[in-house]
Structures are given as structure tokens and as C-alpha cells.
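Number of protein chains: 2
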Amino acid sequence: MKQEQKENSRKNSAYEQLQPYLERAMALQTANILFEWDNETLAPRQAGACTARVQGALAAAYQELMTGEEVRGLLEKCEKESGFTEKELAIIREAKEEQRELSCIPPEEYRAFQELVAESTRIWTQARKDQDFEAFAPTLEKIIDYQKRFAGYQAREGQRLYDVMLDHYEKGFSMEKLDEFFALLKAELVPFLHQVTDKGTEIRDDFLEGDYPQEKQRRLAEELAEYVGFDFEKGVLAESAHPFTTNLHNRDVRITTHYKDRMDSSLFSVIHEAGHAVYEQGVADELTQTLVGQGASMGMHESQSRFFENIIGRDEAFWEPIYPKLQRMFPEKLGKISREDFVRAVNKVQPGLIRTEADELTYSLHVLVRYELEKMLIEENLSVKELPKLWADKYEEYLGVRPRNAAEGVLQDIHWAQGSFGYFPSYALGSAFAAQMAAFMKQSLDFGELLRKGEPGVIREVLRRHIHQYGKLRDSRRLLKDMTGEDFKPQYYVDYLKEKYGKLYHIEGCEQRNA
Amino acid sequence: MKQEQKENSRKNSAYEQLQPYLERAMALQTANILFEWDNETLAPRQAGACTARVQGALAAAYQELMTGEEVRGLLEKCEKESGFTEKELAIIREAKEEQRELSCIPPEEYRAFQELVAESTRIWTQARKDQDFEAFAPTLEKIIDYQKRFAGYQAREGQRLYDVMLDHYEKGFSMEKLDEFFALLKAELVPFLHQVTDKGTEIRDDFLEGDYPQEKQRRLAEELAEYVGFDFEKGVLAESAHPFTTNLHNRDVRITTHYKDRMDSSLFSVIHEAGHAVYEQGVADELTQTLVGQGASMGMHESQSRFFENIIGRDEAFWEPIYPKLQRMFPEKLGKISREDFVRAVNKVQPGLIRTEADELTYSLHVLVRYELEKMLIEENLSVKELPKLWADKYEEYLGVRPRNAAEGVLQDIHWAQGSFGYFPSYALGSAFAAQMAAFMKQSLDFGELLRKGEPGVIREVLRRHIHQYGKLRDSRRLLKDMTGEDFKPQYYVDYLKEKYGKLYHIEGCEQRNA
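From first to last, the protein sequence lines stand for chains W and G.
Take the first sequence: its position 405, counted from the start at 1, is 405 in the numbering used here, and no numbers get skipped.
Take the second sequence: its position 148, counted from the start at 1, is 148 in the numbering used here, and no numbers get skipped.
Honestly, the hints are just simulated from the structure, not real lab data.
Owing to the predicted nature of the structure, the values given are computational and were not obtained by experimental measurement.
Warning: the hint list may mix true and false statements.
Copies of the same chain are indistinguishable here, so a pair counts whether it falls within one copy or spans any two.
[Said to hold, decoys possible] Think about it this way: if two alpha-carbon atoms lie no more than 20 Å apart in a straight line, the pair counts; the simulated EDC-like pairs of lysine to aspartate or glutamate are:
| # | residue 1 | residue 2 |
| --- | --- | --- |
| 1 | K186 | D359 |
| 2 | K11 | E108 |
| 3 | K129 | E233 |
| 4 | K336 | D130 |
| 5 | K199 | E461 |
| 6 | K325 | E357 |
Using the sequences and the hints, build the whole thing.
Following this line, the structure appears as C-alpha cells:
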């Protein structure tokens with residue numbers, strides 16, 4: 001009887017009454033996620049404007065719901081209730097956070113922005129194709145204006161605009177912390193990169209280019225995704241201009257790739273996106289379709305994709321059981337290339353222009369460029385029209401290369417077109433998280449042996465147990481600390497890179513170190 | 001000044017205030033349409049239950065919006081306003097109709113039904129694959145229960161349940177009218193079919209089966225769709241178990257097909273779906289994304305798809321300019337088959353078990369079976385478990401064939417799994433509408449000459465002018481009358497079939513007739 005009473009009172013609690021609202025809000029968001037997926041992978045060319053109206057209306061409905069009196073009132077009542085589980089507390093926390101952020105933005109502005117974004121990715125796609133920054137600049141300006149205005153609405157007292165944006169993607173990593181992080185990378189990696197390039201070691205990688213038929217690359221992509229743990233019963237692999245991962249819920253996680261001239265480009269992008277997807281597929285059933293049913297943060301997400309792509313996927317041991325299959329698939333290209341030479345080639349350091357094709361060592365310097373430019377755009381009123389030149393100058397300074405056109409320069413990434421400012425730093429953070437996790441895991445697991453035996457699943461399960469299952473219950477710093485026993489420590493990342501590339505390029509004084 | 005005042009008063013009119021609500025309602029529906037498309041063409045196997053929850057939540061939001069106080073109040077206020085255009089009046093009419101229908105249904109029931117439907121198509125797919133009617137029967141029973149209950153809620157005084165359902169798909173065609181229509185078809189076509197089959201004329205069609213590589217069929221499907229007027233800038237062609245057309249708006253209309261053993265199966269299903277799609281792509285821009293932005297009715301839709309598939313697509317003149325291309329694509333299969341023999345083969349009368357693969361003559365008899373069974377299920381409480389036997393008996397009586405299993409019998413169509421009762425009759429009505437339109441158009445256009453010259457577009461434009469552009473502004477009887485000058489007259493359909501097949505099978509007394 002008592003139990004029943006308790007359950008009844010529970011049923012009428014503000015928290016329970018809140019659930020149908022949150023479920024509807026999730027449904028509206030999920031619908032817009034499906035539209036985004038569809039826009040990038042399938043929708044016909046002329047659909048743009050009409051579909052943007054649909055997306056705008058859905059986003060407005062979402063905003064109205066989350067900021068409406070009912071949700072607001074119920075959230076306030078939740079404050080007076082107690083006995084919540086960790087999941088319930090986290091859902092309330094996220095709902096309040098979302099409500100606060102959305103409440104600040106006038107609905108018409110929010111809606112206009114959503115429509116702008118739906119259109120702008122199309123404009124960006126065309127501009128990139130045409131190598132025409134001017135065609136995208138006015139749209140980008142509008143997007144920045146909105147982003148700054150929104151951040152202004154959302155800022156807590158004294159909070160700087162770019163910190164507001166950073167907070168959307170990674171709690172606990174403001175400019176203050178990131179300045180430190182990037183300063184370390186700049187101080188350690190720029191000179192180290194010089195050491196590597198000065199050394200002049202020739203690594204052959206010409207065989208990665210050329211005659212790799214798309215149909216075979218497609219089959220290989222599917223097999224590799226499955227090998228590292230992507231579950232095709234709960235996911236889809238498709239093609240789009242820029243690889244990405246999206247998830248409707250833990251039973252429907254979708255990745256894309258793009259088959260290019262260099263076979264390693266799609267190869268590692270598939271392993272990378274599969275890393276994101278394995279994370280989402282691994283979120284606990286009881287969390288999916290709630291406000292805490294996705295990965296913890298962008299940085300944590302990127303840690304998983306880079307863990308799969310680099311720490312596992314570029315390890316020679318990973319290729320031991322599967323490289324013979326590649327040789328059989330592409331006998332004319334790889335038949336006479338040894339596994340050792342293949343692995344050296346896919347780890348070759350080559351300062352380049354395209355972030356998504358960067359090697360592990362130069363990767364975070366691409367992010368550094370974007371971090372500095374975003375800070376200038378948001379905090380120092382840098383004008384959009386100055387972007388191409390500044391972009392080129394910074395690439396020259398850090399990486400020693402200079403883009404010939406906007407497509408291989410400032411137009412290469414979709415993020416700004418989507419209004420995602422403050423997102424890029426999480427790529428570098430992710431790599432650093434991954435390195436810290438790997439250093440911890442290697443204390444008790446022999447990665448080399450597991451990979452040689454063809455058992456990447458054992459490593460994946462450790463990540464699932466410590467990270468994936470928790471979704472957004474806990475933030476990235478907490479997850480990292482719970483797993484490794486230490487707060488975020490970027491030195492692991494620098495050490496990992498120096499050890500790996502020191503070995504590959506025979507740089508003295510790097511090989512034996514490990515934090 | 002006066003003009004400005006008028007515009008201002010217009011801006012504050014109930015009608016204008018209603019628009020944002022309707023736009024949001026359309027967006028919710030469009031989202032669910034995208035989910036349905038995605039479920040049928042792409043979604044991973046295990047996504048089902050979670051995605052059904054999303055779809056249920058979106059449908060509930062739609063129902064709440066359309067039946068909410070705001071929309072109700074504004075629609076009432078519209079009654080007192082005047083000076084509406086035809087478009088505005090039609091939108092108000094549709095909104096009121098929709099509101100009335102939805103208001104009758106308790107929200108929880110509506111939502112539970114939407115979730116059931118999202119799941120049931122998946123159960124049906126599996127059951128059909130397993131040839132296992134029992135696996136689907138309990139779900140079908142639930143669906144029928146809901147449909148009857150909903151029709152009961154919606155019925156106007158004295159209206160019979162099946163008439164309520166018929167009304168959803170085709171206004172102006174109740175059981176009384178359909179009994180007459182189907183009686184004519186039964187009286188004329190069943191004996192005529194006997195004449196044809198008794199004649200024993202052998203038409204060779206073995207060459208349509210066999211080695212037609214899917215990749216080539218896919219290319220051919222694309223080219224044919226484009227040839228008859230499908231605009232790939234505003235549409236997509238994909239694959240699914242059962243071909244269908246869906247539209248998000250007039251700039252995004254999607255068709256599917258299925259590549260089977262018989263090449264003519266996908267060939268004509270593509271022309272058929274392209275007919276539906278050309279209709280939707282032809283709806284006026286000012287109507288799309290409103291409540292009158294789709295085709296007028298199911299029957300009118302089917303008239304366009306069957307016009308394209310049969311009246312144009314199975315005409316020998318249609319193949320004159322393009323058959324040589326088919327021969328070049330499939331030299332081993334068609335190289336030595338004359339165009340005349342090809343056209344005879346694709347018009348061969350062969351009473352069969354599968355509706356979607358039926359020839360033109362037997363097609364409406366497949367529909368007749370379904371019409372009679374639906375009437376019994378809804379009006380006479382026929383039990384679901386009796387369906388397979390009754391289905392088989394009727395096929396034997398009208399068509400002389402008997403299914404060996406449920407997959408080629410009662411499980412062949414998706415409609416009941418989707419809760420679409422009252423839909424099937426519109427297939428036969430559509431064929432009859434098309435025949436009436438063709439008889440009218442042939443008075444002033446030489447179809448044969450246009451098709452021989454490779455100009456199906458001229459015929460398409462006449463249909464666009466008389467039918468497509470109007471969307472749902474006017475109902476099918478009105479459109480038919482405006483175009484042909486006559487009310488619906490099914491004798492045109494009977495005459496068309498008898499003339500065409502009388503000629504093909506040399507049946508005396510049929511060749512010269514035309515109403």
C-alpha cells in the first residue's frame with residue numbers, strides 16, 4: 001500500500017509531468033536532425049528554401065516549448081522536490097540550461113537564424129565548389145552577427161562572448177584554459193614540427209593515390225566500420241561532401257564519408273566517424289531520447305573518434321590482421337607494399353592545407369589557426385573580409401604552407417556555415433583527452449597484442465564502460481577524472497605525439513618519454 | 001493611405017493570424033512524411049521502436065495544434081470575415097475539415113494509433129517476407145479496431161463507417177456510387193476477360209525476364225523518369241520494398257522503385273510513380289506548403305500515375321523514339337525483339353495474383369476484391385482470420401487464380417498496415433478518370449504523333465494546366481468536369497479497355513467503339 005502511494009505521488013510529481021513536454025521537445029529536435037542529415041546526403045537541389053521554412057517552424061516550436069510557461073513552471077516545482085536519481089538530476093540540469101539559453105533569444109530572431117543556417121550550408125557548398133569566398137562572405141557576416149547577439153543575450157555577468165560560445169561545446173574550458181592549452185601546443189609542437197621537417201626523412205606514400213575504384217572503397221569502408229564496432233543494425237553509412245556523424249537515438253546513428261583520390265582519406269574518415277558513432281550507439285538505453293542521451297560534449301566526442309582513428313587505427317598492430325585483405329582488394333596498388341611501409345605512409349607528417357586530411361602531428365595546429373581567428377572575429381571585431389589573408393598568413397607561420405584559393409583555405413570547413421563558433425577547439429581537446437585515456441589504459445592493457453589478435457572490441461568495451469554508457473550524465477572533465485584518476489593534463493598529448501613521431505622520424509630525446 | 005489601412009486590417013485579420021499555426025502544422029506533418037520516407041528507404045533495422053515514439057510525439061503535436069483553442073477560435077472568426085480568394089477559402093475549408101476530424105479523436109488514442117502504425121509497417125514487412133499472415137493478424141486487428149472507432153467518432157449523422165473512410169480519400173464517392181461503379185466493371189470486365197483468355201492468343205513475353213543487370217535498370221529508370229517529365233532538381237529516385245511517391249513540397253518530391261526479375265515491372269512502376277510526382281511538382285508555388293498544396297485526392301493522383309503508366313507508357317507510339325535505346329542497353333535480351341513484340345508483351349493480359357504487377361485489364365478486378373473485403377471488414381464485422389480464405393476465393397472467382405501463400409495474397413499491399421482503409425477504390429477510380437481525360441484530350445491532340453516525335457511534354461502540360469497546378473483547391477469531380485465538360489462517366493474506362501484489348505486480342509465488336 002505504501003509502495004503504491006509512493007508511486008502515485010511520484011506519478012503526479014512535477015518531474016513526471018515534465019516528461020511529455022521534454023519528449024515532444026526531443027521529437028522536434030530529432031526531426032530537425034533528420035532534415036539536416038537529409039539535406040546533406042539526399043535532398044534535391046531546389047528543395048532548399050521550402051525545407052528551410054519547415055526547419056525554421058520546427059525549431060520555433062522547440063523553442064516555444066522549452067521556454068513556455070508549462071516547462072518553466074514545472075522546472076521551478078522540481079526545485080522543491082527531492083529524491084532524484086542521477087539521471088533525473090541531469091535531465092533537470094540540462095532542461096534548465098537549455099531553457100535559460102533559449103529564453104534569452106527572441107523567438108523571431110531564433111527562427112530567422114535557423115532558416116538562415118538551413119540555407120547557408122547550401123550557399124557554402126556552392127561557394128566552396130566555386131572557390132569563391134565573396135559568395136559566402138555576406139552570409140557568414142550575418143551568421144556571426146547572430147552568434148554574437150545570441151551570446152550577448154546568454155552571457156552571465158562579466159562573461160565574454162567567445163566564452164559563452166565555447167561553453168556550448170565544452171563546459172569547463174574557457175578562453176583562459178584554452179589559451180594555456182594552445183600555448184603549450186604552440187610552444188612544443190611548432191618547433192618539434194620544424195625538427196621533423198628539417199630532418200628531411202623521405203616517406204613514400206604515392207601508392208595511396210590513384211586507381212582505387214569507389215565501389216571497392218565503399219565495401220572496404222563498410223567492413224572497416226563494422227570491424228571497429230559500428231553496428232549496422234543501428235546505423236547507416238552514406239556519402240556527403242564533408243564526413244559527419246549524426247544520431248537520432250542510440251538505435252539510429254548515421255555516418256557519412258566521401259571517396260576521394262587518396263584512399264587513406266576515406267579510410268581514416270570512416271574509422272573516425274565510426275568512433276563517434278560507437279560512442280552514440282553505446283549510450284545506455286535508459287538515457288537515449290532524453291536530454292542526456294547523447295555524448296557528453298564535443299571534445300569528449302572527438303576524443304572517441306580520434307582514439308579510433310589515430311590511437312587504434314594508425315597503429316601498426318591494428319593493420320597486422322587486416323592489411324592482407326587490403327592487399328587482396330587492391331593487388332595492383334598494394335600488392336608489393338609491405339605493411340610497415342603502408343603504416344609509415346598513413347602516419348607521414350606533411351604540413352598541408354586541409355584540416356580533415358592533416359596528419360596527427362600537424363592537426364592541432366590547424367585548430368590553433370581557427371581558435372585564434374574565432375577569438376578575433378568574436379572578441380576583436382575582425383572583419384569577415386580580412387579572413388582569407390589572415391588565414392593564409394597563419395597557415396604560413398605555423399605550418400609553412402599557404403592556400404591558393406578559398407576552397408583549400410577559409411571555405412574548407414562547414415562549421416561556420418552552420419553557426420558553430422567555439423566548436424573547433426574541441427577537436428584539439430578531444431585529441432588530448434584521447435591521449436590521456438590511452439596512457440591510462442595502457443597501464444593495464446596490451447594494445448599491441450589485442451590489435452594484433454584482431455580484438456579492437458576489448459578496447460572499445462573499456463571506453464564503453466567508462467565513457468559511452470553515461471551519455472551526457474557527467475561532463476567531460478568528470479568522466480576523464482573518473483576514468484584516469486587525474487584532471488585534464490595536456491602534457492600526455494604532447495608526450496604521445498613526440499614519442500610517436502620521434503620514433504618515426506628518429507628525433508633524439510623523444511622515444512622513451514611518457515608522462 | 002486607404003490601401004495601407006486595408007493592408008493593415010488584412011494583416012490583423014483572423015485569417016492572417018491563423019497562418020503561423022497552419023505553417024507549424026504543415027511543418028510537423030512534413031517532418032513525419034520525411035520519417036516515413038526514411039523508414040521505408042534507409043533507416044537501420046533496429047531504429048523502429050524509438051523512431052515510432054518520435055513520430056507519435058510529432059503527430060500528437062500536430063493534433064493538439066489543429067484542434068487547439070487558438071486555431072478553433074481563429075477559424076470561427078474567419079466565418080465572419082469576407083473577401084477571401086479561392087485559395088484562402090479552400091485553406092479555411094481544409095483546416096475546418098481537418099480540425100473536425102481530429103477533434104473527434106481523443107489525443108491519447110490518436111497518438112497510440114500513430115505509434116502503432118509506425119511499428120506495424122515494419123511487422124508487415126517481416127510477415128510478408130516470412131509469408132506468415134498470423135504474424136501480422138493481431139496488428140491488423142488492432143488497426144481495424146482503431147479505424148472503426150475513429151470513423152465512428154467522425155461520422156456525421158447516419159453516415160456509415162466505411163463511407164467515412166472513403167471520404168478521406170475521395171470526396172463525392174460513397175459506397176452508393178462505388179457499388180454502381182464496381183458493378184459496371186464487374187458486369188463488363190469479368191465476361192470480357194473470359195473472352196480474352198478463352199481466345200487463347202499466345203503473346204510471348206519471356207524476354208522481359210532474366211538477365212537485366214540492376215545497375216542498368218537503375219540508369220534506365222532515371223532516364224525514363226526524366227523523359228516523362230520528372231524533375232530531378234526537385235526530386236529524388238530511391239529504392240524500397242514497395243514503390244511509392246511522397247512529397248515534402250513541390251520542390252522535393254520523391255519516388256521509389258524496386259528492381260525485380262521482370263524488367264517491365266520496375267520500368268512501368270517508375271513511369272507510374274513519375275506520374276504521381278509530376279503532379280506534385282506541378283502544384284503552383286503559391287499553394288505548396290499550405291493545406292491545399294498537394295494533389296486533389298487519391299483518385300485524382302492515381303489518374304495521373306495511370307495516365308503516364310498506361311495511356312502514355314504502354315502506347316506503341318511512346319516506344320517508337322526510345323525503344324532503340326533499350327535495345328542498345330540490353331542487346332542480348334532485346335536485340336532481336338521488334339518494338340511491336342515488346343509493346344504487345346508489356347500489354348499482355350495475364351490474370352495474376354499481384355495487384356501492382358497486374359495488366360491494365362485485370363487491374364480493377366484486383367481492386368474490386370479489396371473493395372468488397374474492406375466493406376465486409378468494416379460494415380459486416382468480418383473477422384481478420386477469415387481474410388486469407390475469402391481473399392483466395394474472390395481471386396479465383398474474378399481472376400481465375402488462387403494465391404499459394406499470404407505474401408502473394410492478403411499480405412501483398414502495405415495499405416492496411418498503414419491504416420489506409422477506403423484507399424483502394426481510388427486506384428480504380430483513377431484509371432477511370434484517366435480514361436475520361438484521355439478521351440477528351442484526344443479530340444484535339446494527336447497523342448500518337450506527339451509520342452512518336454518524342455514530345456510527351458505537350459500532353460503533360462495539358463494535364464498541368466487543367467489539373468496539377470490547382471493542387472487541392474478543387475475536388476476531383478469538379479476538376480474532371482472543368483476539364484472534360486462532363487461529370488464522372490465510368491463508361492469511358494470500360495470502352496477504353498475494350499477497344500484497346502479488343503484490338504490486341506482480336507475480339508469482335510470492340511475495336512471501333514468510343515464513348
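Now for the hints, and whether the structure bears them out:
{"no.": "1", "hint": "K186 to D359", "in the structure": "within (16 Å within a copy, 73 Å between copies)"}
{"no.": "2", "hint": "K11 to E108", "in the structure": "between (36 Å within a copy, 17 Å between copies)"}
{"no.": "3", "hint": "K129 to E233", "in the structure": "between (35 Å within a copy, 18 Å between copies)"}
{"no.": "4", "hint": "K336 to D130", "in the structure": "neither (39 Å within a copy, 48 Å between copies)"}
{"no.": "5", "hint": "K199 to E461", "in the structure": "neither (39 Å within a copy, 70 Å between copies)"}
{"no.": "6", "hint": "K325 to E357", "in the structure": "neither (24 Å within a copy, 43 Å between copies)"}
Checked against the numbered hints above, the structure violates hints 4, 5, 6; every other hint is satisfied.
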